[in-house]
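Starting from the given sequences, assemble the full structure and let the hints guide the process.
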Amino acid sequence: MTNTSLKAFNAMVRRDFTLALRNKSEWANPLFFFILACSLFPLGIGPEPNTLEKIAPGIIWVTALLAAMLSLDGIFRSDFEDGSLEQQILGPHPFTILVYAKILVHWLITGIPLMLLSPLLGVILHLPADGIILLMISLLLGTPVLSLIGSIGVALTVGVKRGGMLLSLLVLPLYIPVLIFGAGAVDVGLGGLDTSGHFLLMAAILVLAITLAPLATAAALKVSV
Amino acid sequence: MSLNEFFYMGGYAFHVWTSYGLTLLLLVLHIVLPIRRRKQLLRRIHKTIKRESAS
Amino acid sequence: MWKAIKRLTSFKNFYRFSGKLLPWFGAITLVLFLTGLYWGLVIAPIDYLQKDSYRILYIHVPAAWMSLFVYIVMAASGAIHLVWKTKLSEVIANSCAPIGATFTFLALVTGAIWGQPTWGTWWVWDARLTSELVLLFLYIGYMALHSAIEDRASAARAAAILAIVGLVNIPIIHFSVNWWFTLHQVASISVGKGSSLHPSMYWPLMVMTAAFKFYFATVLMMTARNEILERDQNSNWVREEEKNL
Chain E
1 MTNTSLKAFN AMVRRDFTLA LRNKSEWANP LFFFILACSL FPLGIGPEPN TLEKIAPGII
61 WVTALLAAML SLDGIFRSDF EDGSLEQQIL GPHPFTILVY AKILVHWLIT GIPLMLLSPL
121 LGVILHLPAD GIILLMISLL LGTPVLSLIG SIGVALTVGV KRGGMLLSLL VLPLYIPVLI
181 FGAGAVDVGL GGLDTSGHFL LMAAILVLAI TLAPLATAAA LKVSV
Chain X
1001 MSLNEFFYMG GYAFHVWTSY GLTLLLLVLH IVLPIRRRKQ LLRRIHKTIK RESAS
Chain L
2001 MWKAIKRLTS FKNFYRFSGK LLPWFGAITL VLFLTGLYWG LVIAPIDYLQ KDSYRILYIH
2061 VPAAWMSLFV YIVMAASGAI HLVWKTKLSE VIANSCAPIG ATFTFLALVT GAIWGQPTWG
2121 TWWVWDARLT SELVLLFLYI GYMALHSAIE DRASAARAAA ILAIVGLVNI PIIHFSVNWW
2181 FTLHQVASIS VGKGSSLHPS MYWPLMVMTA AFKFYFATVL MMTARNEILE RDQNSNWVRE
2241 EEKNL
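Chains as they are written, first to last, in the numbering used here: chain E, 1 to 225; chain X, 1001 to 1055; chain L, 2001 to 2245.
Calculated from the structure, these hints are not laboratory results.
Even glycine gets a Cβ: it sits at the ideal position worked out from N, Cα and C.
Accuracy of the hints is not assured; some may be wrong.
Below, computed lysine to any residue pairings styled on SDA-like, alpha-carbon distance capped at 20 Å [to be verified]:
id	chain 1	residue 1	chain 2	residue 2
1	E	54	E	137
2	L	2085	L	2136
3	X	1047	L	2237
4	L	2085	L	2033
5	X	1039	L	2020
6	E	161	L	2150
7	L	2012	L	2151
8	E	161	L	2154
9	X	1047	L	2227
10	L	2243	X	1003
11	L	2012	L	2002
12	E	54	E	161
13	E	222	L	2230
14	L	2051	X	1039
15	L	2213	X	1031
16	L	2051	X	1050
17	L	2051	X	1032
18	L	2012	X	1049
19	X	1047	L	2234
20	L	2243	X	1014
21	E	161	L	2152
22	L	2213	L	2024
23	E	54	E	123
24	L	2012	X	1003
25	L	2012	L	2154
26	X	1050	L	2243
27	L	2051	X	1002
28	L	2006	L	2235
29	L	2213	X	1047
30	L	2012	L	2084
31	E	222	L	2151
32	L	2051	L	2234
33	E	7	E	90
A few chain X residues facing chain L, derived, Cβ under 10 Å [claimed, not checked]:
id	residue
34	1004
35	1016
36	1026
Derived list of chain E stretches under chain L, where covered just means 3 residues or more per stretch with a C-beta under 8 Å from a C-beta of chain L [said to hold, decoys possible]:
id	segment
37	88-95
38	165-175
This is the structure:
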């Protein structure tokens, strides 16, 4: 990456991060949703600790996934609406670099807080301590992928009015492998088996997503704008 | 295989015939619907040409 | 040479060319289906364990293979459209989606109906079935995305991008039975290495596969021709050829 591209990357990260922090609802609402949605399960299924312990990894992962998905709209929405996105595409800096920056900010604002909140929810759902650690690792590896793959979906639907449902339809099928390995890693680890397979696969998916997803996102944005 | 055996399919008549029947239905649908659409389109084209040559 | 290719793939030439091929492909499809069905349902022997229920194989396997094949055609056509901006590739990609979704649906449903007496369950969340289900959602997502975007050109390009992104699912479906321990049967047929299926079952399966392939080509041509007629209805060549259309 050239010097100017790196500067552009940093500038975009700083800009989007500042903007996101100022808009409190953008980063706070997904976290409230996460906590609320997780809390619904003991209320609906019954508070029996043994039952909850068994399904806790799945519940936390699914609700984290949904929370991440609900927050995706914010990545490009405001820039799309005021025309800055178009300017960024036409500008002198490689657009893909700017896309990387935006996705990174989304993960920092959404993914990391989700990961940090997960121990709290693990405790509520009677997940044992070992499980909580495995859960955090799986979310650490998985949430960037959710942001990366999700950004493709948002990029494709940013021009569609009320494209929220369409976004879910496009993005959730692609999320399924991440969910399977993420939640699976915790289950397998709690069962005493070796988790390295799951985590290595998640790392591989992460690498694949980092290298390819922003290209697709950038291409999709150029189509939508 | 006698005709009776054919329909009975060794006790699996429901399974075999539902599968084959559903498949036949959907595959026929995918032929019939384009044919109808084609007739629709051709009708529209003929009408447009007739209207324009009359005016 | 590129000019010649672009001329060959114009709407008018494709329409004419496919119009000549269509009756032949239709006839071949019919013959292959009738042959395959009679061979598979009547002549082929019963399976030692599954008796007659295994005959679903002659529908399930070709449908599953086609669901993958059609997706690859759709994604490749989309890629061609993105790179070379040809109109025909856009039409072909769109025409693939509904029939591909149908093949996927049939593979899933016939698999479930077959699985119930054989394995005692309609469904299991193993890698192959789950990723085939994802494939169905990808087809539906393609069609939903295309119809949601108002500008036709943008819709085509966005859908093409989605199709290419979803390509990653295809090897997962194909190799999942080798990678994971699953309820689904390990591949008995592979290109180049022959098959572990008995010839009396292998050949009717091949005939049915060919039947499905010709069927797909027939439906693809019919659907593509309709879309061409709709897009070009006000063009010169359509008006001039009106009687021969």
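Tested hints:
This hinted pair checks out: residue 54/E and residue 137/E have alpha carbons roughly 18 Å apart, not beyond 20 Å. A C-alpha spacing of about 27 Å is found between residue 2085/L and residue 2136/L, which places the hinted pair above 20 Å, so the restraint is violated. For the proposed pair residue 1047/X and residue 2237/L, the alpha carbon gap of about 16 Å is at most 20 Å, so the pair holds. A distance of roughly 36 Å separates the Cα atoms of residue 2085/L and residue 2033/L; the hinted pair therefore is violated under the 20 Å criterion.
Simply put, residue 1039/X and residue 2020/L have alpha-carbon atoms about 18 Å apart, close enough for the 20 Å limit, and the pair holds. A hinted pair counts as satisfied when its Cα atoms are at most 20 Å apart, and residue 161/E with residue 2150/L qualifies at roughly 10 Å. A threshold of 20 Å between alpha carbons decides the hint, and for residue 2012/L with residue 2151/L the separation of about 23 Å lies outside it, so the pair is violated. Between residue 161/E and residue 2154/L the CA atoms are separated by roughly 14 Å; this keeps the pair inside 20 Å, and the hint holds.
A distance of roughly 18 Å separates the Cα atoms of residue 1047/X and residue 2227/L; the hinted pair therefore holds under the 20 Å criterion. With a CA separation close to 48 Å, the supplied pair residue 2243/L and residue 1003/X exceeds the 20 Å bound. Annotation: proposed proximity of residue 2012/L to residue 2002/L holds, straight-line Cα distance about 17 Å (limit 20 Å). Distance check on the hinted pair: residue 54/E and residue 161/E sit about 40 Å apart at the alpha-carbon level, beyond 20 Å; violated.
Annotation: proposed proximity of residue 222/E to residue 2230/L is violated, straight-line Cα distance about 27 Å (limit 20 Å). Our distance criterion of 20 Å between C-alpha atoms is broken by residue 2051/L and residue 1039/X, whose separation comes to about 45 Å. Between residue 2213/L and residue 1031/X, the direct Cα distance comes to roughly 14 Å. Compliance with the 20 Å bound is thereby established for this hinted pair. Note on residue 2051/L and residue 1050/X: the hinted pairing is violated, with a Cα-Cα distance of about 61 Å set against a maximum of 20 Å.
Simply put, residue 2051/L and residue 1032/X have alpha-carbon atoms about 34 Å apart, too far for the 20 Å limit, and the pair is violated. A hinted pair counts as satisfied when its Cα atoms are at most 20 Å apart, and residue 2012/L with residue 1049/X qualifies at roughly 18 Å. Between residue 1047/X and residue 2234/L the CA atoms are separated by roughly 12 Å; this keeps the pair inside 20 Å, and the hint holds. As the CA atoms of residue 2243/L and residue 1014/X are separated by approximately 48 Å, the hinted pair breaks the 20 Å bound.
For the suggested pair residue 161/E and residue 2152/L, the alpha carbons sit about 15 Å apart, so the restraint of at most 20 Å is met. Taking the CA atoms of residue 2213/L and residue 2024/L, the gap is about 14 Å. The hint holds against a cut of 20 Å. For the given pair, residue 54/E sits about 13 Å from residue 123/E by alpha-carbon distance, which is consistent with the 20 Å threshold. For the suggested pair residue 2012/L and residue 1003/X, the alpha carbons sit about 49 Å apart, so the restraint of at most 20 Å is broken.
As the CA atoms of residue 2012/L and residue 2154/L are separated by approximately 23 Å, the hinted pair breaks the 20 Å bound. Straight-line distance between C-alpha atoms of residue 1050/X and residue 2243/L comes to about 12 Å, which keeps the hinted pair within the 20 Å bound. Between the alpha carbons of residue 2051/L and residue 1002/X the distance comes to roughly 16 Å, so the proposed pair stays at or under 20 Å and holds. Only pairs whose Cα atoms come within 20 Å are accepted, and residue 2006/L paired with residue 2235/L is accepted, the gap being roughly 18 Å.
Pair hint residue 2213/L plus residue 1047/X does not hold up; C-alpha atoms about 36 Å apart against a cutoff of 20 Å. Taken as a hint, the residue 2012/L and residue 2084/L pair is honoured in the structure, with Cα atoms around 18 Å apart against an allowance of 20 Å. Restraint check for residue 222/E and residue 2151/L: satisfied, since their Cα atoms lie roughly 14 Å apart, inside the 20 Å limit. The straight-line distance between the Cα atoms of residue 2051/L and residue 2234/L is roughly 57 Å, outside the 20 Å bound, and the hint therefore fails.
Straight-line distance between C-alpha atoms of residue 7/E and residue 90/E comes to about 17 Å, which keeps the hinted pair within the 20 Å bound. For residue 1004/X, the interface hint is violated, since its Cβ never comes within 10 Å of a Cβ in chain L; the closest pair sits about 13 Å apart. Annotation: interface hint on residue 1016/X holds; nearest CB of chain L at approximately 5 Å, less than 10 Å. Interface hint status for residue 1026/X: upheld, as the beta-carbon distance to the closest one in chain L is roughly 5 Å, under 10 Å.
With 0 residues bearing a CB less than 8 Å from a CB of chain L, the segment 88-95 of chain E misses the requirement of three and the coverage assertion fails. With 6 residues having a Cβ less than 8 Å from any Cβ of chain L, the segment 165-175 of chain E passes the three-residue criterion, so the hint holds.
In terms of the numbered hints stated before, the structure departs from hints 2, 4, 7, 10, 12, 13, 14, 16, 17, 20, 24, 25, 29, 32, 34 and 37, listed from lowest to highest.
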